[in-house]
Structure formats: C-alpha cells, structure tokens
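Colleague: Below, each chain spelled out in residue letters.
2 protein chains.
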Amino acid sequence: MRDMLGREEVVTVEKALDILKKLSMVFPPETKLNIEHSCRRVLSRDIFSPENLPQFARSTVDGFAVNSSDTFGASDGLPAYINIAGEVLMGAMPDFELKKGMTAKIATGGMLPEGADAVVMIEHAQTIDEKMVEIMKPAAPGENVIRVGEDIKKGELVLKKGHRLRPQDTGALSGLGITEVYAYEKPKVSIIATGNEIVPADKDVKLGQVRDINSFNLAGLISEAGGEPLKRGIFGDEYSVIKKIVEESLKDSAMVLITGGSSVGTKDMTAKVINDVGSPGVLFHGVSIKPGKPLIGGIVNNKPVFGLPGHPAAVTVCFEQFIEPVMKKLTGISENRFRDRKLTVTAKMAKNVSSSSGREDHIRVALEERGDEIWANPILGKSGLITTLVKADGIVVIPLRKLGVEQGEVVEVRLF
Amino acid sequence: MRDMLGREEVVTVEKALDILKKLSMVFPPETKLNIEHSCRRVLSRDIFSPENLPQFARSTVDGFAVNSSDTFGASDGLPAYINIAGEVLMGAMPDFELKKGMTAKIATGGMLPEGADAVVMIEHAQTIDEKMVEIMKPAAPGENVIRVGEDIKKGELVLKKGHRLRPQDTGALSGLGITEVYAYEKPKVSIIATGNEIVPADKDVKLGQVRDINSFNLAGLISEAGGEPLKRGIFGDEYSVIKKIVEESLKDSAMVLITGGSSVGTKDMTAKVINDVGSPGVLFHGVSIKPGKPLIGGIVNNKPVFGLPGHPAAVTVCFEQFIEPVMKKLTGISENRFRDRKLTVTAKMAKNVSSSSGREDHIRVALEERGDEIWANPILGKSGLITTLVKADGIVVIPLRKLGVEQGEVVEVRLF
Numbered sequence: 001m002r003d004m005l006g007r008e009e010v011v012t013v014e015k016a017l018d019i020l021k022k023l024s025m026v027f028p029p030e031t032k033l034n035i036e037h038s039c040r041r042v043l044s045r046d047i048f049s050p051e052n053l054p055q056f057a058r059s060t061v062d063g064f065a066v067n068s069s070d071t072f073g074a075s076d077g078l079p080a081y082i083n084i085a086g087e088v089l090m091g092a093m094p095d096f097e098l099k100k101g102m103t104a105k106i107a108t109g110g111m112l113p114e115g116a117d118a119v120v121m122i123e124h125a126q127t128i129d130e131k132m133v134e135i136m137k138p139a140a141p142g143e144n145v146i147r148v149g150e151d152i153k154k155g156e157l158v159l160k161k162g163h164r165l166r167p168q169d170t171g172a173l174s175g176l177g178i179t180e181v182y183a184y185e186k187p188k189v190s191i192i193a194t195g196n197e198i199v200p201a202d203k204d205v206k207l208g209q210v211r212d213i214n215s216f217n218l219a220g221l222i223s224e225a226g227g228e229p230l231k232r233g234i235f236g237d238e239y240s241v242i243k244k245i246v247e248e249s250l251k252d253s254a255m256v257l258i259t260g261g262s263s264v265g266t267k268d269m270t271a272k273v274i275n276d277v278g279s280p281g282v283l284f285h286g287v288s289i290k291p292g293k294p295l296i297g298g299i300v301n302n303k304p305v306f307g308l309p310g311h312p313a314a315v316t317v318c319f320e321q322f323i324e325p326v327m328k329k330l331t332g333i334s335e336n337r338f339r340d341r342k343l344t345v346t347a348k349m350a351k352n353v354s355s356s357s358g359r360e361d362h363i364r365v366a367l368e369e370r371g372d373e374i375w376a377n378p379i380l381g382k383s384g385l386i387t388t389l390v391k392a393d394g395i396v397v398i399p400l401r402k403l404g405v406e407q408g409e410v411v412e413v414r415l416f
Numbered sequence: 001m002r003d004m005l006g007r008e009e010v011v012t013v014e015k016a017l018d019i020l021k022k023l024s025m026v027f028p029p030e031t032k033l034n035i036e037h038s039c040r041r042v043l044s045r046d047i048f049s050p051e052n053l054p055q056f057a058r059s060t061v062d063g064f065a066v067n068s069s070d071t072f073g074a075s076d077g078l079p080a081y082i083n084i085a086g087e088v089l090m091g092a093m094p095d096f097e098l099k100k101g102m103t104a105k106i107a108t109g110g111m112l113p114e115g116a117d118a119v120v121m122i123e124h125a126q127t128i129d130e131k132m133v134e135i136m137k138p139a140a141p142g143e144n145v146i147r148v149g150e151d152i153k154k155g156e157l158v159l160k161k162g163h164r165l166r167p168q169d170t171g172a173l174s175g176l177g178i179t180e181v182y183a184y185e186k187p188k189v190s191i192i193a194t195g196n197e198i199v200p201a202d203k204d205v206k207l208g209q210v211r212d213i214n215s216f217n218l219a220g221l222i223s224e225a226g227g228e229p230l231k232r233g234i235f236g237d238e239y240s241v242i243k244k245i246v247e248e249s250l251k252d253s254a255m256v257l258i259t260g261g262s263s264v265g266t267k268d269m270t271a272k273v274i275n276d277v278g279s280p281g282v283l284f285h286g287v288s289i290k291p292g293k294p295l296i297g298g299i300v301n302n303k304p305v306f307g308l309p310g311h312p313a314a315v316t317v318c319f320e321q322f323i324e325p326v327m328k329k330l331t332g333i334s335e336n337r338f339r340d341r342k343l344t345v346t347a348k349m350a351k352n353v354s355s356s357s358g359r360e361d362h363i364r365v366a367l368e369e370r371g372d373e374i375w376a377n378p379i380l381g382k383s384g385l386i387t388t389l390v391k392a393d394g395i396v397v398i399p400l401r402k403l404g405v406e407q408g409e410v411v412e413v414r415l416f
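Just so you know, the sequences run in chain order A and B. According to this note's numbering, the stretch in the first sequence is residues 1 to 416, in order. According to this note's numbering, the stretch in the second sequence is residues 1 to 416, in order.
Among the hints, a few may not be true.
Copies of one chain are not kept apart here, so a pair can be met inside one copy or by any two copies together.
Pairs of lysine-lysine residues, derived as DSBU-like cross-links and limited to a Cα-Cα distance of at most 30 Å, are as follows [said to hold, decoys possible]:
| no. | residue 1 | residue 2 |
| --- | --- | --- |
| 1 | Lys32 | Lys231 |
| 2 | Lys351 | Lys251 |
| 3 | Lys391 | Lys342 |
| 4 | Lys206 | Lys231 |
Honestly, the hints are just simulated from the structure, not real lab data.
Let the hints inform the model, and build the full structure from the sequences given.
Modeller: What follows is the structure in structure tokens.
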C-alpha cells in the first residue's frame, strides 16, 4: 500500500487482520486416522452414530431391578416384599424374565431383564434370604436406568465436521465402535530462514555470524497451532535463491513463512519474491505494530506467504497476531470462540510504559505474585533479544490510540 | 477412612488433595533430547549459557555505524559530515577500522567495526557521494546497538530445571548452539480397564456388553497433561487377574489407573488389590464429589494408584481434580501458577441447578453466546452418559457448602 506521495504506507492491525480474514485459501485435504492418534485432530466429516448407545437398558447403580409398579408406596415402615428371580451377570443378557412381583440383583452397568423398568438402590433394600428382599423405597419408572439409545441414538449427529477432537470425544467414538475417522491433514507450513549472517544451531559461529533462532521458535509455534512445520533451511540474501526455495515450498506447503532478510534492500527483495512467484502477491507491507512493523502479508495461488522480520520478539508477536488465525483456518477447525481461547490473567502493571499513538504496542511482561495480587513487570529490552521472550510469561497489548499504561493500571496479560 | 461405627467415610475434596499433595513419589528419570523434539518437555537440569549472545556488537537498524562523538550536535540545519570508510558485509567481520570522523554502511544485524559505538538510522542520514554522508541527528553511545552478551551472558542461567520448554525457549537454545538438553522422561501411566461387560472398541457388542470408553478418554487426558499413556487392556472382574496386571503395570509405570469394576463387590476388590500389592496402599476411599464419589486414591512403593469409577463423566472429573495435579508432579515441572493455568470463562447460568450441601458438584455445561453475554447451559444427564461430556464445553464447580446456582448467577466455567 502506498500513500499519495507513492511512499509505502503501513496498515493498521485491524486492517491487516481484515485482509487476512477475507483470504480464500486452499482447503486442507483429508486423511483417515485411527482414533488412537486422533486427539486434537480436526474432523473433516460429520460423524453419525451407527448404533444406539447403549443397545440395552442398563442400571446406573448396584441394587435390584424391579417392575416399578411393585414398589409403589413402599417405605421403611411398610416395605414391599419381592421375590428374587436371580442375578444379572455382567456382560451377558439375563436368561430370565421378571414377572410381576419378581426382582433380580443387578450391578452398575448390568442389563435390565425383560419386565424390569427401574432399579432400587441397594441402600434401600434389605435381603431377607436368598429368595426374598424388602424394598423400602418406591422406584419411579426409568429410575436408575440408562434407556436404550439414551446416551446416543442410532443415526444421531455425534460430532460435527470442523470439530477438534478432545479426549472425551475419542472415548465416545470408541464407545460407538468407530475406530477410524476422517480428519484434515495438518497444514504443512514451510519455514525459510534468510540472511547471510545466519548459521544453523549445530555450527560454530564466527564473528559477524549468529545462529538461527527463528526457525525453532516458529516450528514450535506452528506445531502448537496444529500445523506441521517444515524447516527448509537457511538461505543467503539473494533474489534467485530465495525465489527458488519459495517456489519449491509452495508446491508442498499450505503456507510459507520467510524470516529475516536483514541486509539493506533485502526487505524489498522478500516482497519482490512474493509478487513474482504468483498472484496476487503482496497484500500489505508494514503494519502499525511494535514489534513487528516490517511484516509482509501476501497470498500466492491461494496460499498465504508471510515475510517476517528477523527480530525474535517480532516473530512471536506477528505469529500470534496474524499468522495463527490464518493457520487455524488452514487446519479446517470451525470457529468456536470458547474452545480456542487464549489463556489470560488480569494483572497490575508494575511500571509506567509509554507507547506512541498510531501503533499497537505488544509489551512482553514477566508476572509476579505480591500477596493476593498479580503484577506484570514489563521487559523493555530490544525486540532483537530472544531473552525478552524467554523471561516473559505473556504479552500486554497497548491499543493503537492509547499513549501508554500507568503503574498500577489493571491490564489483561495474554499468556504464552 | 472409617468413622466411629467402622463405616467407610468419604473424605472432602480438600482433604483428598491434601493427602495427594504430601505424597512422596518416584522422581522421573532424565533423558537426552534433541531440541527439535523438546517443545513442551520439562528440563531436568539448569541450563547455563556456554557463550555470549551475541558474540559481537550488532546493529539493530539499517544505517551508518559511527563513533558517537562524531555526531554530537548534528541536526538537520547543521549536519555532521563524515567520511564513508566502507560497508559492513552481513555474516562477516568488517576488515576495516573506523577512525575518528569515519563511518560505515551497516544493515540490521551487521557487526560494528572496531571504533564504532553507535548506529545512525538511515532515515537520519543523507549520502552525498560514495565517500561522504551527512548525519542529521546525534547518536548516543550504544544507540541502535546490541552489545556483546546483551541478550545472554556467558555462564548465565538461561533456563531452570523444572521449566517446560516453550517455542521461544527452543529458539534461545538454538541461538546458543545448544542442540541437546536433559529432560525428564514423560511419566508412563498405565490404564487398566476392568469389567466383565467391557469389550474393546473394535469388537461387536452383544446384548449386555458395552465398548471401552474410559481407556481412550484417559489416554487423551494423560497425553495432554504431559504423560505417556499405556493402555494395558480390558480385564475381567477377578481379584487375581486384576492383582496380576496391577503388579505388572507398577514395574514400568510411574502411576496406575484402574477404571470400572462395576459389579457388586468389585469396588472393594480394587481397594483390596491396591492394599495387597504393596504399602501403604489405599489412602482414601470415596470423596464428597459428584460425579466421582467412589474414587479410590492410594500409593504403592511410592507410585500413585487410583481406582476410578466406571462412569465416563466421573473419570474426567476425577482426572482433572485429583490425578492431573499428581501427574504434573510426576512430569518434574516446577510449580508456576501462571504458566499452568486452566482456561476459564465467566458466564451466567442458564438454569437453576441444585446441589447437596456436603459435596462438591461438578456440573458440565455447554456455552452459548447471547448478544455480548455468555450463558452456561447445564447438561444434567447421568454421569454414565459420555455425551454429557461430548456436548459440554466445560465444568462449573458448586462448592461443598453451596446449595446450588440460580438462573442468571455468574459462574466461572473451567473449559475442557
């Protein structure tokens, strides 16, 4: 975006998010998964129940299966005397029927015999001998019973397409005998580190060189957001080199992230590459956020491509603010404002922090307990320092038009 | 625990947690991990920096490296004229020195040449020709520079034992050239499903039988809490069978969970097994919580063993309330009230819910947005129904001495 004088103009956070929200992206392909490995995966199809759960009426307590009408009016003073027809064995269909005036011992989860419609808890019964029991409390029809299909009915929609499976959901699938599900593949996200000064983690550094920090940070962020990171490696600041690896990455990735490119002119090179590998290319170049201002957002053949600044703190802020919402879409997850929240805590700011109007400031903070209160200590180091993230517990956002936060002011801290 | 009449007495949630808090447990062994696979793992040793980060003074901006004293008093109206000695190449040590009155072009991340102590941003400089630049703003010593060791000093404690690694932490390790770390092994937790009526997920059910729900639910809960679930299988309600598998499980697990055991007398059997396989055995049998009252907590040879009720909702509630805190200890994670919080939302209860004094009620709720408000709809089905968990977004706790929650009352919902 350029202003009237042809200079590049930064967009607001709101505007950038708005642009990203409207992107039409390639939808992730689906894959078949055993439910053993399905936790946190996103369903690509609705799941309907193939059967009733349970398939028979079950007792929810230990006690006596009865025909409820036999217990009407029973009390401690005037118990109902009922004949014991037998005992329900666990895991088997009772081989007897309850006629009027008959009962059967039953345990939690046991199948009600034909003729029974309720269960009296063992606490309200007193066996006289092997053949007879006193019932001291009436049971209503259906009392202490799970009816056929009461948990899940045959044909019922159990879980919706776009739902991310939680432990209890895999339990329900197991209960229905559904051992395989269709889920979206985890979106593959390529990480391209650039910079002539960058060397891999396992190499010694010479003066002038630094090791790659951003690839590891990004890989972790991508994994936690439900994606599959592909570290493409470290590439020198050369147009043809970067263009080639971006093109290659676009072939098998759902999204491409380019970090760094810190030498003079390289910033424009990343934008040029994004424009040259396909259309429409760059959507915005520069956002009024700190850290993270140099962020480039683009889309190429319906695949998002981001150019991230090289500063580690800027990488984290840009990821959480702009890339994570895009990643979520790519996972196929349906929007649910409750299930995908970020952890936050309310704290008091421990120091005055100033901010410029016209940009959104993301302040890293370390939390501290003082008695019953939580205080947020701002970590004011340069955004090029990885320790500003390592020492921090979370981030406080100072909005666009706010000029700072005063000591003691109550703030919302988004935890890492 | 038995009361004066020798009857078994349930303990309060508080008392049960207190008992569990005091347990001395077997500490997890450590293992060496490549940082590629270290995210979310817990460090078993402190990590000190082997070197300074960075090892040389770096520029944080694109501009001109200067001797700050050469720029004093410089302004738009009266710029300082300085000779260009050369350009700093990225990733290399400058092969020249800055004498007084000299400057060098430098990019973000570039190494300051000998003699330079600050960088003037490109926005505040105007090149006249290849040999000379006008500086329009004074630079203070150290301005726009990351000093040697400013991010991390050699020998500095970077990350503490007991810390769970986050994406940015692996980035810092990479930056320091630390590619392997010592971490605690994930605690192995055995899951033993019991019940003559239980069949595996991949088997057809006959009348009287139900498929195993709890093993899958528990496996997911264990994984998400940082453990490694070991599904031991499904076992019939027989003392010797259960005793044998508990003994086997204790050999290679840090914790053992037994679920179900729903036939009459089986509940006591689980307690008997826990008492018989080692000492001290059962610590409490029954907790004043709903669902989850039949929970058995024990410890055998410093390894926690729990007997969980068979009802799916009770399994989840007991896990979150009692087992997860024990699991956390087993992961070796150091306590941090901020970093290990549960997501909660504040909502209004959509219906009256009554509760008995003398027990803690855990009400499953589905959340609903009504305009700007969030409302919690209680799901009041029996705790034997897995769908009460599947349809729920979280849990509202009604404390011991509270008799219920009224419609419209503000509640805290702990999200799954």
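Colleague: Can you name, in rising order, the numbers of the hints this structure does not satisfy?
Modeller: Number 2 only.
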